[in-house]
Amino acid sequence: MSDRSDIVQVTDVVVEFDGFRALDVPYFGIDRGELRVLIGPNGAGKTTLCDVISGKTRPKSGRIVIDDREVTDWPETAIARLGVGRKFQTPSVFDGLSVYENMELALPAQRGLRGALAGRASWRDERRILALLERVHLRALARTPARMLSHGQRQWLEIAMLMVSGARILLVDEPAAGLTDDETRLTAELLRDLAGAHTVLVIEHDMEFVRRLQSRVTVLNAGKILAEGSLEAVQADPRVREAYLGRGKHG
Amino acid sequence: MPRPRDLVLAEVLRQRSWAAGLRWFDYHAPALGALLLVFGVPGLFALGLLDQSDLARLGRYCCLAMVAIGLDLVWGYAGVLSLCQMMFFTLGGYACGMYLAMHGPLDGDGIPRALFVVSSDPEGMQLPWFWKPFADPWFAAAAVVLIPGLLALVFGWLAFRSRIRGVYFAIITQAATVALWLLFCRNDLQLCGTNGLTNFTRLLGFDLTATATKVGLYIVSAATLVLTAWAVLRLTATRFGRLLLAVRDNEARLRFLGYDPVAYKTAAFVIAAVIAGIAGALYTPQTGIITPANMTAIESILVVVWVAVGGRGTVTGAVVGALAINLLYAWLTTEVPRLWPFILGALFILVVLFAPGGLVGAWRAFVRRGERTA
Ligand SMILES: Nc1ncnc2c1ncn2[C@@H]1O[C@H](COP(=O)(O)OP(=O)(O)OP(=O)(O)O)[C@@H](O)[C@H]1O
Ligand SMILES: [Mg+2]
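Those protein sequences? They're chains A and B, same order as listed.
When the letters of the first sequence are read in order and numbered with the working numbering, they come out as residues 191 to 441.
When the letters of the second sequence are read in order and numbered with the working numbering, they come out as residues 65 to 438.
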């Protein structure tokens, strides 16, 4: 089942919380440049899978390979430097800093202590930051403290931070939560544009949004992978229907 | 860059506008405060409006305000509550005190008097080996910086690397303070036990009882305070400062962006410790004594109160809070000494409840309101 060319390879991974098996995955892989969607009912283990890939949670057993390197016990900082970026389920930006300063900290250069005393971002970085802010409609708010942003704007700021960070693998947890229809559409467009140059894993409940992404879908339920394939194929799968219906969830 | 018109004094006076005056004052207040401290206070002393005890007291408060600046860097900016800043202060004070004691009256076989009088066996007493190098002012000066700095480096690095945070970090810093306090209270450490170091007479050849020396020490303390405030403000305006705020707001986010917050937190902690050590070294010749009482647990907690009342994360707030509360203390303990703990407690609670930004935060809100109504 394992595909050697996958840029992200999760093999035989088991995650337990106090004996509760939150994740039990024989193999999960994402191809280079692929846009993959992860769906599943609440508590299925979707966020936990992201946590394992990004080093936030250590698996009880199993292996994580990213870009041909085994990162199973790497600290999260090292995995991030390898090029794994992540948007959290609850938007997570630096409230005390302005939108622009948030972007500036996301720049890949100068992460060490010495770089910290260096001055502002270079002219080229600045242009890139402003162009990205333009795309997520935050350009006019560049000097605004992030704490003043709406929920949707914070989601976008976090995605824009990923885009400027130089990450090649993006783990995007529920980017459409709390967005208006227009905002949802723009977010889907953004993520589709990112795929190709980036490998993107998106977690989402909103089926309309998932449809827009037009990508392969993996269904997770109770820590196990139920099905993988196109959205139509997956939705037709009786086991998937049962998982959603059995828990009384939308499907 | 040309200044906005309402920041030029001549223009403000011409406009006779209350809002413009407020803005001018707000903009220039730090510089005015610095001038008042460094030149104004000695001037008032020369005119006889302040006496020697006022001057000595203000000099000591300048040193305490430096400790508050350090705490503001770690707590106000990086969000790391430290309850051991006065421990670093006292270590710096002891390093300076040992130098001063070595150049004060010596008893027996060249033993500083403070050490000689607490000795259980003064007859055949030898000077402990670790005292000797402190006779050298350069060694003592290096110790003032390096002892607190290295302690903070090791302690901070171990704690931050183990991801000890928030209240847990506060508790272990408190525990370290108590442990060191107990250690310094012991006579067999040969640092004069609870009596502390005293009997100082000369500093770098200057007579400590001379008025000129006292004025000089005051000016050095005030100038060092101003310089520290300026340097830390500059530091917080760099990328390092923004990273400290990011640590405070969302340390996990920072790690997933590929940063290692341990380095930043440790750096801030070390800087704060060094500032506290220097402050302690300037404090000691002005009080003429340094004892373990300077590092009891409560002393470090008081620094937190100064910063909270003055306003976290502003640097100027730390200075304002430290000076204001200590001046209030000096005034009230002569008037109503019993009531002071209650007054301080009430002040702290009032600020936390009604002005979370402290005095500086409240002042800024007031200035903004003035600008809006103008
Ligand atoms: N740190 C933790 N400690 C204990 N249990 C946890 C922890 N993190 C997750 N869990 C449990 O693991 C299971 C999977 O959680 P996870 O957050 O991965 O679900 P999810 O699919 O992302 O759900 P949602 O759609 O609600 O975000 C849940 O039952 C959750 O309660
Ligand atoms: Mg989740």
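Heads up, a few of these hints could be off.
[What the hints assert, rightly or not] Here are some of the chain A residues that sit facing chain B, going by a computed Cβ distance under 8 Å:
| # | residue |
| --- | --- |
| 1 | 248 |
| 2 | 252 |
| 3 | 257 |
| 4 | 260 |
| 5 | 261 |
| 6 | 262 |
| 7 | 270 |
| 8 | 282 |
| 9 | 284 |
| 10 | 295 |
| 11 | 299 |
| 12 | 355 |
Hints in this document: simulated from the structure, not taken from any laboratory.
Since the structure is predicted, the reported quantities are computational estimates derived from the model, not experimental observations.
C-beta atoms are modelled at their ideal positions from N, C-alpha and C, and glycine is treated no differently.
Query raised in the report: Taking each numbered hint in turn, which are not upheld by the structure, reported in ascending numerical order?
Result: 1, 2, 3, 4, 5, 6 and 11
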